[in-house]
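**Q** One-letter residues, chain by chain:
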Amino acid sequence: MSVHQLTIQTPGKGLFQITSEIETLVREADLQEGLCTIMIRHTSASLTIQENADPRAKRDLEAWLERLVPEGDAIYTHTAEGPDDMPAHIKAILTATSLSIPVESSRLTLGTWQGIYVWEHRRQSSLRKLVVHFCD
Amino acid sequence: MSVHQLTIQTPGKGLFQITSEIETLVREADLQEGLCTIMIRHTSASLTIQENADPRAKRDLEAWLERLVPEGDAIYTHTAEGPDDMPAHIKAILTATSLSIPVESSRLTLGTWQGIYVWEHRRQSSLRKLVVHFCD
Amino acid sequence: MSVHQLTIQTPGKGLFQITSEIETLVREADLQEGLCTIMIRHTSASLTIQENADPRAKRDLEAWLERLVPEGDAIYTHTAEGPDDMPAHIKAILTATSLSIPVESSRLTLGTWQGIYVWEHRRQSSLRKLVVHFCD
Numbered sequence: 463m464s465v466h467q468l469t470i471q472t473p474g475k476g477l478f479q480i481t482s483e484i485e486t487l488v489r490e491a492d493l494q495e496g497l498c499t500i501m502i503r504h505t506s507a508s509l510t511i512q513e514n515a516d517p518r519a520k521r522d523l524e525a526w527l528e529r530l531v532p533e534g535d536a537i538y539t540h541t542a543e544g545p546d547d548m549p550a551h552i553k554a555i556l557t558a559t560s561l562s563i564p565v566e567s568s569r570l571t572l573g574t575w576q577g578i579y580v581w582e583h584r585r586q587s588s589l590r591k592l593v594v595h596f597c598d
Numbered sequence: 463m464s465v466h467q468l469t470i471q472t473p474g475k476g477l478f479q480i481t482s483e484i485e486t487l488v489r490e491a492d493l494q495e496g497l498c499t500i501m502i503r504h505t506s507a508s509l510t511i512q513e514n515a516d517p518r519a520k521r522d523l524e525a526w527l528e529r530l531v532p533e534g535d536a537i538y539t540h541t542a543e544g545p546d547d548m549p550a551h552i553k554a555i556l557t558a559t560s561l562s563i564p565v566e567s568s569r570l571t572l573g574t575w576q577g578i579y580v581w582e583h584r585r586q587s588s589l590r591k592l593v594v595h596f597c598d
Numbered sequence: 463m464s465v466h467q468l469t470i471q472t473p474g475k476g477l478f479q480i481t482s483e484i485e486t487l488v489r490e491a492d493l494q495e496g497l498c499t500i501m502i503r504h505t506s507a508s509l510t511i512q513e514n515a516d517p518r519a520k521r522d523l524e525a526w527l528e529r530l531v532p533e534g535d536a537i538y539t540h541t542a543e544g545p546d547d548m549p550a551h552i553k554a555i556l557t558a559t560s561l562s563i564p565v566e567s568s569r570l571t572l573g574t575w576q577g578i579y580v581w582e583h584r585r586q587s588s589l590r591k592l593v594v595h596f597c598d
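Protein chains in written order, with this note's numbering: chain V, 463 to 598; chain U, 463 to 598; chain Y, 463 to 598.
Chain V with its partners taken away, still in its complex shape (with noise of 0.2 Å):
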């Protein structure tokens, strides 16, 4: 068992992929058979598992989700902190903040097409912090 830190730095808005991140992750804590276990620590960002391979998919992920979940949005009494921080934190709900994946062989047992994403949901680029666990 073990339990790790990862920082991601996000540009901005969008899908950012850390499946290789993660990978090496699972290398270097030998772990052979187990569960991988992945938190975001925000509420502005979020996780998910999705399509690694056509960029439009993700393009069209993001700007459902913006269509979905605007920014100015009347609704929005929490708007001291900007435009896109109640948005975030609805796009956050909405997505996930922990991800289980079991490892066999060393690898985590992804399909062909799923990779591992921080979805970020902020304008300004960011430091965003993973905390991944380990256990067999």
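Hints were generated in silico from the structure; no laboratory data involved. Computed from a predicted model, the values in this text were never measured in an experiment. One should not assume that every hint holds.
As the list claims (entries may be wrong) - Quick look at which bits of chain V chain U covers, simulated, 3 or more residues with Cβ under 8 Å:
hint, stretch
1, 534-541
2, 544-553
3, 566-575
What the hints assert, rightly or not - Dumping the calculated DSBU-like pairs for lysine-lysine here, alpha-carbon to alpha-carbon at most 35 Å:
hint, chain 1, residue 1, chain 2, residue 2
4, U, 591, Y, 591
5, V, 475, Y, 591
6, U, 475, V, 475
As the list claims (entries may be wrong) - If you want the footprint, here are the derived chain U segments under chain V, 3+ residues with CB under 8 Å:
hint, stretch
7, 495-501
8, 584-590
Glycine included, each C-beta is placed from N, C-alpha and C at the ideal position.
Given chain V, work out where chains U and Y should sit, using these hints.
**A** The following block gives chains U and Y in isolation, referenced to the frame of chain V:
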């Protein structure tokens, strides 16, 4: 490893923070390092990790989800348990039924602004049962 | 600790219960107390825990999500894999790719009304691969 039961009384619709209850279980279990998994045993209440500071953020999350999934939608056919029941199930699938949080130095590794919440989607006061699992 | 593979054939769009398949794996693994984690290895099908009693609840969940994320939305640019593919990815990010359920007395600690479902978001019949991890 251990499994614990936790019961939370909710007063009706809304987000109710349970971070301190979970932290107490971590201390009582004497877990130094490991993984804490929380599952809610209901389909009309759910879990989320969200902003624990400005109460307006909580209020906006509640108002936004209520508007997305209102009572009285003509699409509902499962109406025998009351007008708030089918929207409750939909809100539950959009948020989380289980959450996993790594533990380090006997503390949940939540970020500064993160709190763990039970999200009650029914109007009435309810006793909500959670199961908490610790592994190292 | 053990990792298991499970394949589910889905007949097309809809919620398909897999609770008994997972319970069977728990019994076969002879897990008395621990944690069961399920991950689906796809980006156009997902997992959810929901009401297992009234079939109208299931039908309403399907109809509501289909209306929120319809085929043929002009926002989609990832259309090469068919009109049901991009909505499938969006539905997957709004629901779950992994779920964790504590086990006690060799049984999943699901609530009375909870069932585990694979949510198929594509029109065609598909073989969906899941990975199930047990730890104690």
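**Q** Which of the numbered hints are not met once you compare them with the structure shown?
**A** Hints 3, 8 contradicted; others consistent.
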